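Undergrad: Line by line, the protein sequences are chains A and B.
Residue numbering for the first sequence follows the numbering used here, starting at 1 and increasing by one per position.
Residue numbering for the second sequence follows the numbering used here, starting at 1 and increasing by one per position.
The set of hints was computed from the structure by calculation and includes no laboratory data.
Note that the structure is predicted; figures quoted are calculated from it, not measured.
Watch out, some of these pointers could steer you wrong.
[Unchecked claim] Calculated cross-link-like contacts (lysine to aspartate or glutamate; reagent style EDC-like; alpha-carbon spacing at most 20 Å):
| # | chain 1 | residue 1 | chain 2 | residue 2 |
| --- | --- | --- | --- | --- |
| 1 | A | Lys-23 | B | Glu-101 |
| 2 | A | Lys-372 | A | Glu-405 |
| 3 | B | Lys-111 | B | Asp-36 |
| 4 | B | Lys-18 | A | Asp-150 |
| 5 | B | Lys-80 | B | Glu-120 |
| 6 | A | Lys-163 | A | Glu-146 |
| 7 | A | Lys-23 | B | Asp-15 |
| 8 | A | Lys-331 | A | Glu-156 |
| 9 | A | Lys-85 | A | Asp-216 |
| 10 | A | Lys-23 | B | Asp-57 |
| 11 | B | Lys-126 | B | Asp-107 |
| 12 | A | Lys-331 | A | Glu-49 |
| 13 | B | Lys-80 | B | Glu-101 |
| 14 | A | Lys-116 | A | Glu-159 |
| 15 | B | Lys-18 | A | Glu-405 |
| 16 | A | Lys-331 | A | Asp-342 |
| 17 | A | Lys-372 | B | Asp-36 |
| 18 | B | Lys-111 | B | Asp-15 |
What follows is each chain in one-letter form.
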Amino acid sequence: MSGFDIDAIRSDFPALRQEVRGKQLIYLDSAATALKPQVVIDAVRQVYEHNCGNIHRAVHLPSQRATQGYEGTRKQVQAFLGAAKPSEIIFTSGTTQSINMVAQCHGRANLGAGDKVLITGLEHHSNIVPWQMICEEMGAQLVVAEIDDDGDVPLERIEAQLKAGGVKIVAFAHVSNALGTVLPAKEICAMARSHGAISVVDGAQAVPHMAPNVVDLGCDFYVFSGHKLFAPTGTGVLYGRFDVLGAMPPYQGGGDMIRSVSFEKTTYAELPNRLEAGTPNIAGVIGMGAALTYLGGLDMAAMQAHEEDLFRYTDESLRSIAGLRRVGTAKHSMGALSFFLDCAHPHDIGTIVDTEGVALRTGHHCAQPVMKAFGIPATARASLAFYNCRADVDALLASVRTVQEMFS
Amino acid sequence: MNSDLRELYQEVILDHSKAPRNFRFPEGANREAQGDNPLCGDNLTVKLILEGDAIVDIGFQGSGCAISQAAASTMTEMVKGMKLEDINAIFENYHAVVMGEAEVDEDLLGKLAVFAGVSEFPMRVKCATLSWHTMQHAIANDGDVVTTE
């Protein structure tokens, strides 16, 4: 494929050059966490070896370098998301913390008795539980736009919930982690706005496959995790439209989020520092910058063409196996493919394919309501990143056949 | 095929998972408990009749992987008609074996020795022990849902 040299790409990811249980690793679990390119690993090491200082504090050179690296990543994220200002980018520990911040800070300030938070039936537990917690506290109600038999959320179901009135927040996955369904984020955000609700987009499973433009999407909040974007674990982003983010009270009190402190009164710093109390994951964030630089060096159009081709190939390959059923068949899907076998429980599939070197996720994928909608306890899920290739899919198929032989 | 895998999915385990024994609730059960593995969604309910210090009948229902279904099935076969102190002695060895912390005591475990292969797969220990923990809670009858976490 022109512009996309898969062998060169694969050689950038050292984790792919290893054997597990005596077999070449076939990594099909990038939706859980993505592998890291060497440049990210090197960037983290560089911080600890040469630039180990705290940020925003000392005048010494290591602190200055760390600060520049950390704030440099903020500008990179701003560019990646097409945000208007760097101060709209808040670093967090991951998607989970980002959503909890919006729920606890924006939610607490804006929800009252009788108000509603609307989510979809596709959501990961991290986009359900934080809303349940704040709804319970504020006397608000959590309402759900259910999924259909394909694992899609028909827009009219979202509109019906909005038309019923009282919805203040609409929170939804850009891409489903369990099924790979892509939701029409731009349309949903517009719908939310026209009904006076703010939108929170969980982009955890979207950003590894596309660069969303938050202005074009028209969302109020967009959140994602660094570790699914080829960056270190313990990093994440909360994007908030300046006006909405600026109105949010602080999440945590502490160092770095203040303008002045006395025992009588504390005044808070401006965005973004106001929402980043304490020493953050400096090396992780700088690693995220390296990941974004790496992604920026790839031919995005060629990468997406490669991923689309691979997704289609995986889907067709899985469907060719008798006794295998795909779960989640929405027209617009990417990244993740869920399935189960008539003959074996997903957990057994996971263990058996692991002995062939194939890393799959099995279970409910932190999306128990999705499993319930399909009336199944669990699925096996293959998830793809741009470093995967057809040979990975062929190895998956061979290992699935081993499972079938064993349980036939 | 990988030898550890063959050791894990022995014929006895496959047989019990496909056709679990005592997959029903005994009439007149006086103890029961529910067990969940929140990480994988496995769940089962164990009901039993405890008379004095012995289990006179026991059954289970639920869903889960081959290991968890076979573990529940072989457990009910093994403990039916057995005294609690003997059951405890069996479970002590069984648990240590699947954790890889002890050798199989053939006299105690009998058929359950097939679960020794689980020790090579630490992620699957909970599958092999959920039914046993659930049964213990049923005996104690404390009404709580057992969880592996």
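Undergrad: Checking against the hints above, which ones are violated?
TA: When the structure is compared with the hints, numbers 1, 2, 3, 4, 5, 7, 10, 11, 12, 13 and 16 turn out to be violated.
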